[in-house]
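S.K.: Now for the letters of each chain:
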Amino acid sequence: MHGATEKKILKAELRWAALVAIIVFVIMGAIVFAAVSMHINPPSNREYIDPQTLHLSGEFTEGNLGTRTGPDGQVTTRIITTQFAFLPQCVVVPADTPVTLRFASPDVIHGILVTGTNVNTMVVPGYVSQVHTVFRRTGDLLMPCHEYCGLGHSQMLATVRVVPPDQFRPGPDGRALCG
Amino acid sequence: MAGAPPPADDQLGDPIDPRTLDRPWRIWAGLGIGTALVVGALLAFLVIPSFQRENAGLDMWTAFCRAVGITEGSPAYRQPVSDAKAAPVSQVAWSPEVLTILNQAEPDQGARIAAAVCSSCHGQDGVSATPDLPSLAGQSAASIYKQLHDYRSGARAHPLMTPVAQQLLIPDLANVAVFYGRDAGPSMGLGARGQSARPEIVRLATEGDSARRLPSCNSCHVNGAGGPIETPILTGQHHQYLANQLLAFKNGERRNDVYQRMRNIARVLNDEEIQALAEYYQGVR
Amino acid sequence: MASVAFDPAPAPAPARAERSTLGVGRLTLAHLWVAIAAFAVACVLGVWQMWARSPLEAPAHSAANYFRAVTFHGVSMAYVLTTFFIMGFGYFVAETALKRPLPAGRLAWAAFWLALAGVLMAALSILSGSASVLYTFYPPMTATVWFYIGLVLVVIGSWIWSGIMIAAMMGWKRAHPGEAVPLAMFGTVANAVMWLWTTLGVATELLFQVIPAALGWVDTIDVGLSRTLFSWTLHAIVYFWLFPSYIAFYTLAPRAAGGRLYSDTMGRLTFILFLLYSLPVGLHHLFMDPEHSTGFKFIQMVLTALVSVPTLLTIFTIAASLEIAGRMRGGTGLFGWIRALPWDRPMVLATGLAFVMLFFGGGGGLINMSYGMNAMVHNTSWVTAHFHLIFGGTVVIMYFAIAYAIWPTLTGRVFASARPLRLQLWLWFIGMMVMTLPWHYTGLQGQWRRVAAFDYSDPMIAAWGPWVLLSLAGGVILLVSALLFVWNLFTLHRARAPRGVATFDYAAAVHPPGRIPRALNGFAMWNVFVAILMAAAYGYPIAQFFIDPPPQAVVHRTVAG
Numbered sequence: 001m002h003g004a005t006e007k008k009i010l011k012a013e014l015r016w017a018a019l020v021a022i023i024v025f026v027i028m029g030a031i032v033f034a035a036v037s038m039h040i041n042p043p044s045n046r047e048y049i050d051p052q053t054l055h056l057s058g059e060f061t062e063g064n065l066g067t068r069t070g071p072d073g074q075v076t077t078r079i080i081t082t083q084f085a086f087l088p089q090c091v092v093v094p095a096d097t098p099v100t101l102r103f104a105s106p107d108v109i110h111g112i113l114v115t116g117t118n119v120n121t122m123v124v125p126g127y128v129s130q131v132h133t134v135f136r137r138t139g140d141l142l143m144p145c146h147e148y149c150g151l152g153h154s155q156m157l158a159t160v161r162v163v164p165p166d167q168f169r170p171g172p173d174g175r176a177l178c179g
Numbered sequence: 001m002a003g004a005p006p007p008a009d010d011q012l013g014d015p016i017d018p019r020t021l022d023r024p025w026r027i028w029a030g031l032g033i034g035t036a037l038v039v040g041a042l043l044a045f046l047v048i049p050s051f052q053r054e055n056a057g058l059d060m061w062t063a064f065c066r067a068v069g070i071t072e073g074s075p076a077y078r079q080p081v082s083d084a085k086a087a088p089v090s091q092v093a094w095s096p097e098v099l100t101i102l103n104q105a106e107p108d109q110g111a112r113i114a115a116a117v118c119s120s121c122h123g124q125d126g127v128s129a130t131p132d133l134p135s136l137a138g139q140s141a142a143s144i145y146k147q148l149h150d151y152r153s154g155a156r157a158h159p160l161m162t163p164v165a166q167q168l169l170i171p172d173l174a175n176v177a178v179f180y181g182r183d184a185g186p187s188m189g190l191g192a193r194g195q196s197a198r199p200e201i202v203r204l205a206t207e208g209d210s211a212r213r214l215p216s217c218n219s220c221h222v223n224g225a226g227g228p229i230e231t232p233i234l235t236g237q238h239h240q241y242l243a244n245q246l247l248a249f250k251n252g253e254r255r256n257d258v259y260q261r262m263r264n265i266a267r268v269l270n271d272e273e274i275q276a277l278a279e280y281y282q283g284v285r
Numbered sequence: 001m002a003s004v005a006f007d008p009a010p011a012p013a014p015a016r017a018e019r020s021t022l023g024v025g026r027l028t029l030a031h032l033w034v035a036i037a038a039f040a041v042a043c044v045l046g047v048w049q050m051w052a053r054s055p056l057e058a059p060a061h062s063a064a065n066y067f068r069a070v071t072f073h074g075v076s077m078a079y080v081l082t083t084f085f086i087m088g089f090g091y092f093v094a095e096t097a098l099k100r101p102l103p104a105g106r107l108a109w110a111a112f113w114l115a116l117a118g119v120l121m122a123a124l125s126i127l128s129g130s131a132s133v134l135y136t137f138y139p140p141m142t143a144t145v146w147f148y149i150g151l152v153l154v155v156i157g158s159w160i161w162s163g164i165m166i167a168a169m170m171g172w173k174r175a176h177p178g179e180a181v182p183l184a185m186f187g188t189v190a191n192a193v194m195w196l197w198t199t200l201g202v203a204t205e206l207l208f209q210v211i212p213a214a215l216g217w218v219d220t221i222d223v224g225l226s227r228t229l230f231s232w233t234l235h236a237i238v239y240f241w242l243f244p245s246y247i248a249f250y251t252l253a254p255r256a257a258g259g260r261l262y263s264d265t266m267g268r269l270t271f272i273l274f275l276l277y278s279l280p281v282g283l284h285h286l287f288m289d290p291e292h293s294t295g296f297k298f299i300q301m302v303l304t305a306l307v308s309v310p311t312l313l314t315i316f317t318i319a320a321s322l323e324i325a326g327r328m329r330g331g332t333g334l335f336g337w338i339r340a341l342p343w344d345r346p347m348v349l350a351t352g353l354a355f356v357m358l359f360f361g362g363g364g365g366l367i368n369m370s371y372g373m374n375a376m377v378h379n380t381s382w383v384t385a386h387f388h389l390i391f392g393g394t395v396v397i398m399y400f401a402i403a404y405a406i407w408p409t410l411t412g413r414v415f416a417s418a419r420p421l422r423l424q425l426w427l428w429f430i431g432m433m434v435m436t437l438p439w440h441y442t443g444l445q446g447q448w449r450r451v452a453a454f455d456y457s458d459p460m461i462a463a464w465g466p467w468v469l470l471s472l473a474g475g476v477i478l479l480v481s482a483l484l485f486v487w488n489l490f491t492l493h494r495a496r497a498p499r500g501v502a503t504f505d506y507a508a509a510v511h512p513p514g515r516i517p518r519a520l521n522g523f524a525m526w527n528v529f530v531a532i533l534m535a536a537a538y539g540y541p542i543a544q545f546f547i548d549p550p551p552q553a554v555v556h557r558t559v560a561g
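Line by line, the protein sequences give chains A, B and C. Using the working numbering, read the first sequence as starting at 1 and increasing by one per residue. Using the working numbering, read the second sequence as starting at 1 and increasing by one per residue. Using the working numbering, read the third sequence as starting at 1 and increasing by one per residue.
If we strip away everything but chain A, and leave its shape as in the complex, we get (with noise of 0.2 Å):
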């Protein structure tokens, strides 16, 4: 007797697991899809970079940060994180393109989100951190640093201007600027 209703509290469990398993099935499924078919993937980029000569390098010194376009068209925008501001503390880019945005720290942990979008990554000394997105909407958009990075932390801001693609003009260089 006591048999009998540990299996059928046996059974109920089983069935509740059963339940559990494909919601977590579904979940997983929805990520994998996600991954494949809309080449969603989490900001990674094991690329190095010394911070403590950040300034010093090529593609992070001042005159080559902001919105580029690369000889192949492809739209790169670099900005630096440091304690307490971003450089530059605007940044022009066109909608409805794909654009990649480079982020480097010379000094602490900081991170940046671009609010309304899916643009969110952490930016750690040593790796050149990296997002690859597609701005759908126009207009400024806020992007503060997201990461306690000391007490001036509150008041880092900059500002990521979404320009319809025939108003994003970059010069004979390549680089375009907020204006």
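It is worth saying that the hints were derived from the structure and are not from the lab. Take the hints with a grain of salt, since some may be wrong.
Claimed, not checked - Residues from chain B shown here face chain C by an in silico Cβ test under 7 Å; the list is partial:
1. L21
2. W28
3. V38
4. F45
5. F51
6. G69
7. G73
8. E97
9. V98
10. L99
11. T206
C-beta atoms are modelled at their ideal positions from N, C-alpha and C, and glycine is treated no differently.
With the hints as your guide, set chains B and C onto chain A.
M.R.: What follows is chains B and C alone, placed relative to chain A:
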């Protein structure tokens, strides 16, 4: 019933070996964990990268390496390249080698140079008598080293300091810096400053201004609180010198602040705030 | 489900007017009062922090004060409230569930004093302003070394506790060969074993990286490695926190409701699944970090999905257990048993409220786990709202219920009335919902976290203002609840409180375990699986920092600001 010794036989009368109870658990646990790991790894390193690599024009091996993390980049996107040339605004970078130069500096040699070269403008005891020439006594050694180096390399220009710095050897820059920086320490507190009658100026110094994206001056300039290693101490400095530097940052004359940290700040301060902040930090009542 | 046959719950023991004869009484009370004191101070600071972030003017508002407060609040809630509560409750369970005296009682007291010294060291460091690095203390920002040493002392005290818990269970098993360890103790020791695994990450980070940096022995630090070692601890620690609440779900709530535990085996399996899967998932706190590859983030995401399983199983098992009680009390129909439950009992009320918050908080967790959605919420107020709801809500409301359940045994007195207890629990629930639901919303709008002051002149930020004020109102309600909690417990220490029952009993299972495999009665096999999982999930992610070392960052030592 909890606590009673368990039956020695199962219901069929056979003795129970604890290992037979355990075996199904070992098997199922092993299978479950093993499956999760194997399926996860297959998806993570092979399946997903194989679908994503076309977008990036990669072969399978490169996509796999990116997914594992042994090469840079995402399995799904082309990696940007850069051909930009370096054009740094200052040659000073705080690598361990440079920190070692400062750690091994000789303050006595620095004292000799200071007496011979620096004190005529900067004062016998490092306290300048001229309001637009900075006092150096107790200033951060890293800050003095960087400014001397910048004068030497041309990152910063001054008709008097440029030739002085160019005649010094690099180790002497460190010796002088460490000599003057010997008394440097955490801020002395609010006794020497913080005596402004204007709360909005005090607020700028201690709180910043979120609307203008201005961090508080103290968030870097109170020794050790934040900011780059070369951050100078402001407390007790001649207000005229401080104001001149902020104005120079503001109009672009001075450009050796790495990544425009001070230029961006000075540009959003109005001239009147610059004067008031300078007085606040000298401690003018 | 309705046709399960069993004996009705035993009648409660008659009241006896005697003082508590519990050997661990003073030990447990000491730990719990330290936990509660830290909790109360942190609640006050929490309200001030919400005030400071709101459009209203808060007194003494400066960035230095704000981040000092956040550090104090985080360290108190995440390290002091939790560790001391778990240690104290663990000693209580060891004596009452195993029905034998606690081994190594003097060592337990030594651990208490050591941990308390650590707390004071850390607290003073934070108050001095030289440790405004928040409870996550991510290098290269480095606080004064006394802050870290204080935390290390707390961890060492907790390791001693872990050893005593394991020794207590092993001693009981030697005296009761072949018998099933009482479920409450099994859970407690599962937690202790898991804690030993958990702390390896942060202990390694502190001993080999952060403390040398704070002392000035090294000038640079590998930031990616330190973040990874901390992530090892960061997720598993939240399961360390929730174990007592789940122990209460399985071993206290069914009895309080007047029923039985639906399945003892499920309880054991839940604790085992937490031990296995709470550890190899820490990388999901680093989804947005560059230093780890997509592949290893994906693997740890799969494992994170598995750690949702024990919670989902628990929901079913505890609901079934409560259903037994409800139907015994005459509840009919599909949901009538819910209304029939004795909601006037604090443990039952807390369980119900905890499950409501678990729905929201757990749902939020599933979203955080999916890295595509994580990109929308990482480091926004959503994250802060999530862990306040799931930890501050679901877990801590059960801490309250546990305290109310064991205080009579600890003090030898009883509560004159359960009304102030129920009021306190309702206020906590309401306050937590009012505080965290708007917070989730502003996070989705892009409000980022760890901010001392927002620019409310910006129209986008101004739109968040009313929600921030609503959260502040919730926080004030929580503070009232917290103070009422302290008062309720304090009343049992007063001479005029009525004396009462000195025994303590745990829920019985519908089918108490008879013979039981070693797998469900110990952790030897599971430790092997944990090692395998950690090697697979964290092996290369940590080894990569040694195989191919990245450039190091210069240590930024903060001093008083």
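S.K.: Against this structure, judge whether each hint is valid.
M.R.: Here is what the structure says about each hint:
At about 4 Å, the closest approach between the beta carbon of B/L21 and any beta carbon in chain C falls short of 7 Å, and the interface hint on this residue holds. Taking 7 Å as the C-beta contact cut-off toward chain C, the hint placing B/W28 at the interface is violated, the least distance being around 9 Å. Checking B/V38 against chain C by beta carbon gives a least distance of about 10 Å; that is not within 7 Å, so the hint is violated. The restraint placing B/F45 at the interface with chain C holds, with a minimum CB-CB distance near 5 Å, inside the 7 Å limit.
Violation of the interface hint for B/F51 is found here, the shortest Cβ-Cβ separation to chain C being roughly 12 Å, above the 7 Å cut-off. Hint status for B/G69: holds, given a least beta-carbon distance of 3 Å to chain C, under 7 Å. With its C-beta approaching chain C no nearer than about 10 Å, B/G73 sits outside the 7 Å limit, and its interface hint is violated. Hint on B/E97 is violated. Least Cβ distance to chain C is approximately 11 Å, over the 7 Å limit.
Given hint, B/V98 at the interface with chain C, is violated; its Cβ is 10 Å from that chain's nearest Cβ, farther than 7 Å. Against a cut-off of 7 Å between C-beta atoms, the interface hint on B/L99 holds, since the closest Cβ of chain C lies about 6 Å away. The restraint placing B/T206 at the interface with chain C holds, with a minimum CB-CB distance near 6 Å, inside the 7 Å limit.
The structure does not agree with the numbered hints 2, 3, 5, 7, 8, 9 stated previously, though it agrees with the rest.
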